[in-house]
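J.: Sequence:
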Amino acid sequence: MEKLFELAEKVAEGKEGIEKLKAFVESESVVRKSFENPFRRSALIVSGDRPKHLRKVFQREADVIIFNVEDGVADSNKGFARLLLRKFLRNVSFDGSKEVVIRVNPLNSEFFWEDILELLPIVPHAVRLSKVEKPADVVVLDGIIKAYELSAGLPENTIKIQLSIETGKAIERLPEILSASDRVNVAYLGVLDLFADLGLSQELTKSSHLTTYLKAKFVSTCRAFNVSPIAPAYQDYTDLEGFEREASEEKELGFTGKMCVSVKQVGIANKVFSPTEDEVEEAKEIVELYEKALKEGKGGVTYRGKFIDQPIYRDALNKLRFLKS
Numbered sequence: 060m061e062k063l064f065e066l067a068e069k070v071a072e073g074k075e076g077i078e079k080l081k082a083f084v085e086s087e088s089v090v091r092k093s094f095e096n097p098f099r100r101s102a103l104i105v106s107g108d109r110p111k112h113l114r115k116v117f118q119r120e121a122d123v124i125i126f127n128v129e130d131g132v133a134d135s136n137k138g139f140a141r142l143l144l145r146k147f148l149r150n151v152s153f154d155g156s157k158e159v160v161i162r163v164n165p166l167n168s169e170f171f172w173e174d175i176l177e178l179l180p181i182v183p184h185a186v187r188l189s190k191v192e193k194p195a196d197v198v199v200l201d202g203i204i205k206a207y208e209l210s211a212g213l214p215e216n217t218i219k220i221q222l223s224i225e226t227g228k229a230i231e232r233l234p235e236i237l238s239a240s241d242r243v244n245v246a247y248l249g250v251l252d253l254f255a256d257l258g259l260s261q262e263l264t265k266s267s268h269l270t271t272y273l274k275a276k277f278v279s280t281c282r283a284f285n286v287s288p289i290a291p292a293y294q295d296y297t298d299l300e301g302f303e304r305e306a307s308e309e310k311e312l313g314f315t316g317k318m319c320v321s322v323k324q325v326g327i328a329n330k331v332f333s334p335t336e337d338e339v340e341e342a343k344e345i346v347e348l349y350e351k352a353l354k355e356g357k358g359g360v361t362y363r364g365k366f367i368d369q370p371i372y373r374d375a376l377n378k379l380r381f382l383k384s
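Under the numbering used here, the sequence shown has 286 at position 227, and the numbering climbs by one with no breaks.
Watch out, some of these pointers could steer you wrong.
[As the list claims (entries may be wrong)] Once the Cα atoms are required to be at most 30 angstroms apart in a straight line, the calculated DSSO-like pairs of lysine-lysine come out as:
#  : residue 1 : residue 2
1  : Lys92     : Lys310
2  : Lys81     : Lys69
3  : Lys310    : Lys330
4  : Lys92     : Lys378
5  : Lys323    : Lys92
6  : Lys354    : Lys378
7  : Lys365    : Lys354
8  : Lys378    : Lys330
9  : Lys310    : Lys193
10 : Lys205    : Lys193
11 : Lys323    : Lys351
12 : Lys330    : Lys357
13 : Lys62     : Lys111
14 : Lys330    : Lys343
15 : Lys310    : Lys378
16 : Lys274    : Lys323
17 : Lys74     : Lys92
18 : Lys62     : Lys323
19 : Lys323    : Lys357
20 : Lys354    : Lys323
21 : Lys330    : Lys92
22 : Lys378    : Lys365
23 : Lys193    : Lys111
24 : Lys265    : Lys205
25 : Lys330    : Lys354
26 : Lys323    : Lys69
27 : Lys111    : Lys74
28 : Lys62     : Lys115
29 : Lys310    : Lys354
30 : Lys274    : Lys193
31 : Lys378    : Lys357
32 : Lys111    : Lys276
33 : Lys323    : Lys276
[Claimed, not checked] Simulated DEER-style distance windows between Cβ atoms:
#  : residue 1 : residue 2 : range
34 : Glu350    : Glu61     : 45 to 55 angstroms
35 : Glu350    : Ala133    : 27 to 37 angstroms
36 : Arg282    : Gly138    : 16 to 26 angstroms
Since the hints were made in silico from the structure, they are not lab data. Backbone N, C-alpha and C fix where the C-beta goes; we use that ideal spot for every residue, glycine too.
With these hints in hand, go ahead and build the complete structure from the sequences.
T.: In structure tokens form, the structure reads like this:
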């Protein structure tokens, strides 16, 4: 793989032609295991045109790796980014410990079809569609993926759909958007783009009643449709205290994880969105007591002065899933 990155760096520097990168051999024997980690505490985004960042990306602790060819990649570099990602990911096995996601350009973009034709053969765990505004956007992508799966002999629903929610219209249509395809399993809230779309000051994104309201609305809608809500990126990657503070607030709102723009943010996100040791121990005790009560024909049990019933039992089971990841 080092030869690929050395070649890509030379192409990026203009020392080699793009044709040499196109000729780089793609493996036909890589393993594609489904995503087995049930958590998305950290979603690290990496630009597809940065060989340096791609080199060690699978060694990072992130639960989700998002390979980006949309915002953050200059228009003039998108072709190079697509090609490099294809050559890289077609030669890497996915062991199921990390969710591999390709973030493509919007449906109405001039780059969308090139993204799809070049990158679907990677067979990522999911395609993340940017700037979704209506259910029809999801339906179109679902149809494209379904056709590809059929042509490639893949089981239906091999490739999931993930959505970037970045406009006021998308927020208002969120229930219809999330239910437009059974493939939708994750939604990302883009607060900066959302506030720009609404004509609001970016200062309000830092801490305001409106920000809290929009985040809470987003989370409750996502969870109602069994879609994982991922919190927005924290742009100042040098301010790790601020990142942790915001992530902690978002965990309390119900987000399952957070976008990370730096590897330094990943460990913090994993810590914040994981249950503490005390929470895990309490969950073990609750599950044991509740299951014993069920065997005795009881509908609930008292634990430390609290009445434990089905919802609290289910919450405890969710926490114990971390022990199996």
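J.: Does each hint hold? Answer for all of them.
T.: Going down the list of hints, with the structure as the test:
1. Lys92 with Lys310: holds (29 angstroms)
2. Lys81 with Lys69: holds (13 angstroms)
3. Lys310 with Lys330: Holds: Lys310 and Lys330 sit about 11 angstroms apart, inside 30 angstroms.
4. Lys92 with Lys378: Roughly 24 angstroms separates the two Cα atoms, so the pair holds.
5. Lys323 with Lys92: holds (27 angstroms)
6. Lys354 with Lys378: holds (22 angstroms)
7. Lys365 with Lys354: This hinted pair holds, its Cα atoms lying about 20 angstroms apart.
8. Lys378 with Lys330: holds (13 angstroms)
9. Lys310 with Lys193: holds (27 angstroms)
10. Lys205 with Lys193: Holds, at about 19 angstroms.
11. Lys323 with Lys351: violated (43 angstroms)
12. Lys330 with Lys357: violated (36 angstroms)
13. Lys62 with Lys111: holds (13 angstroms)
14. Lys330 with Lys343: holds (20 angstroms)
15. Lys310 with Lys378: holds (14 angstroms)
16. Lys274 with Lys323: Holds - the C-alpha atoms of Lys323 and Lys274 are around 24 angstroms apart, at most 30 angstroms.
17. Lys74 with Lys92: Violated: Lys74 and Lys92 sit about 36 angstroms apart, past 30 angstroms.
18. Lys62 with Lys323: Given that 30 angstroms is the threshold and the Cα spacing comes to 27 angstroms, the pair holds.
19. Lys323 with Lys357: The hint is violated at about 48 angstroms.
20. Lys354 with Lys323: Status violated; Cα separation ~47 angstroms.
21. Lys330 with Lys92: holds (26 angstroms)
22. Lys378 with Lys365: holds (18 angstroms)
23. Lys193 with Lys111: violated (36 angstroms)
24. Lys265 with Lys205: violated (39 angstroms)
25. Lys330 with Lys354: Between Lys330 and Lys354 the Cα gap is close to 35 angstroms, so the pair fails against 30 angstroms, i.e. violated.
26. Lys323 with Lys69: holds (28 angstroms)
27. Lys111 with Lys74: Holds, at roughly 17 angstroms.
28. Lys62 with Lys115: holds (14 angstroms)
29. Lys310 with Lys354: violated (34 angstroms)
30. Lys274 with Lys193: Judged against 30 angstroms, a Cα distance of about 19 angstroms means the pair holds.
31. Lys378 with Lys357: Distance ~23 angstroms between Lys378 and Lys357 Cα, so the pair holds.
32. Lys111 with Lys276: violated (38 angstroms)
33. Lys323 with Lys276: holds (29 angstroms)
34. Glu350 with Glu61: 45 to 55 angstroms: holds (52 angstroms)
35. Glu350 with Ala133: 27 to 37 angstroms: violated (56 angstroms)
36. Arg282 with Gly138: 16 to 26 angstroms: violated (38 angstroms)
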